[in-house]
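Work out the full structure: start from the sequences and follow the hints.
Quick note: my numbering has the sequence shown finishing at residue 156, numbered continuously throughout.
Some hints here could point you the wrong way.
Computed spacing ranges between beta-carbons, pair by pair [unchecked claim]: (1) E94 to T(-3): 53 to 59 Å; (2) R32 to F64: 46 to 52 Å; (3) T114 to L36: 39 to 45 Å; (4) G89 to R45: 16 to 22 Å; (5) F64 to K28: 52 to 58 Å; (6) R45 to S(-9): 24 to 30 Å; (7) R23 to E83: 51 to 57 Å; (8) A129 to A84: 41 to 47 Å; (9) G(-1) to E39: 45 to 51 Å; (10) Q25 to A2: 25 to 31 Å.
Straight-line distance between alpha carbons at most 25 Å, and here's what the computed DSS-like set of lysine-lysine pairs gives [what the hints assert, rightly or not]: (11) K71 to K57; (12) K31 to K53; (13) K57 to K122; (14) K15 to K28; (15) K122 to K24; (16) K118 to K71; (17) K31 to K15.
Read the hints as simulated data drawn from the structure, not as lab findings.
Given the structure is predicted, the values throughout are model-derived calculations rather than measurements.
For each residue, glycine too, the CB sits at the ideal point set by N, CA and C.
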Amino acid sequence: MVSTSTIVAATVGTVATGFIAYAFYFDHKRRTDPAFRKQIRKESKRQARLAREEAEQERLHTRAAIKSAVKDAQAEGFPTDVEEKEAFFMQEVSRGEALSGEGVDNIEAALCFYKALKVYPQPSDLITIYDKTVPKPVLDILAEMIAADAGLNVGPFASSDSGIPGVGLD
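As structure tokens, then:
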């Protein structure tokens, strides 16, 4: 009578032999059949195209979310009193630091830094500080938020009270 271990060994051997035979068949087919190689190439190109399209859709979705967040922040408004601005600035910077430290929601973290930037008297100085302290993904989103806000002047000559008289510009 045949023992169970012999049956199991024969089954495992048969399955392994079948797998190895399939591997040899696939390798032979891959090397010799031009239509098969063309099909594999076409499939890899299709997958690459799908990956590019998916990345583009994700980028567009992120950009729309950033613009929406900026519009919502502008609709909420910003404080006008000096003490309120200071408190708001400190609150938003601390929230932004906490959120960027977690690394979960970079758009929300960048929105906090954006709100703090809106109430800061010298935005270009604050951007220099952000550049040194804020993680790169959050900083990239913040740059898109700044670009989406036409009313935010962050250039080197953003404020008109720089101490340089406007000679001849009457």
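Quick rundown of the hints versus the structure:
1. E94 to T(-3): 53 to 59 Å: holds (57 Å)
2. R32 to F64: 46 to 52 Å: Given range 46 to 52 Å: holds, Cβ gap about 49 Å.
3. T114 to L36: 39 to 45 Å: Holds, at about 41 Å.
4. G89 to R45: 16 to 22 Å: holds (19 Å)
5. F64 to K28: 52 to 58 Å: holds (54 Å)
6. R45 to S(-9): 24 to 30 Å: violated (58 Å)
7. R23 to E83: 51 to 57 Å: For E83 against R23, whose Cβ atoms are near 54 Å apart, the range 51 to 57 Å holds.
8. A129 to A84: 41 to 47 Å: violated (21 Å)
9. G(-1) to E39: 45 to 51 Å: Holds, at about 46 Å.
10. Q25 to A2: 25 to 31 Å: Cβ of Q25 to Cβ of A2: about 28 Å, so the range 25 to 31 Å holds.
11. K71 to K57: holds (19 Å)
12. K31 to K53: violated (33 Å)
13. K57 to K122: holds (23 Å)
14. K15 to K28: Holds, because 16 Å separates the two Cα atoms, which is no more than 25 Å.
15. K122 to K24: Distance of about 41 Å is beyond 25 Å: violated.
16. K118 to K71: holds (23 Å)
17. K31 to K15: holds (20 Å)
Hints 6, 8, 12, 15 from the earlier list are contradicted by this structure; the remaining hints agree with it.
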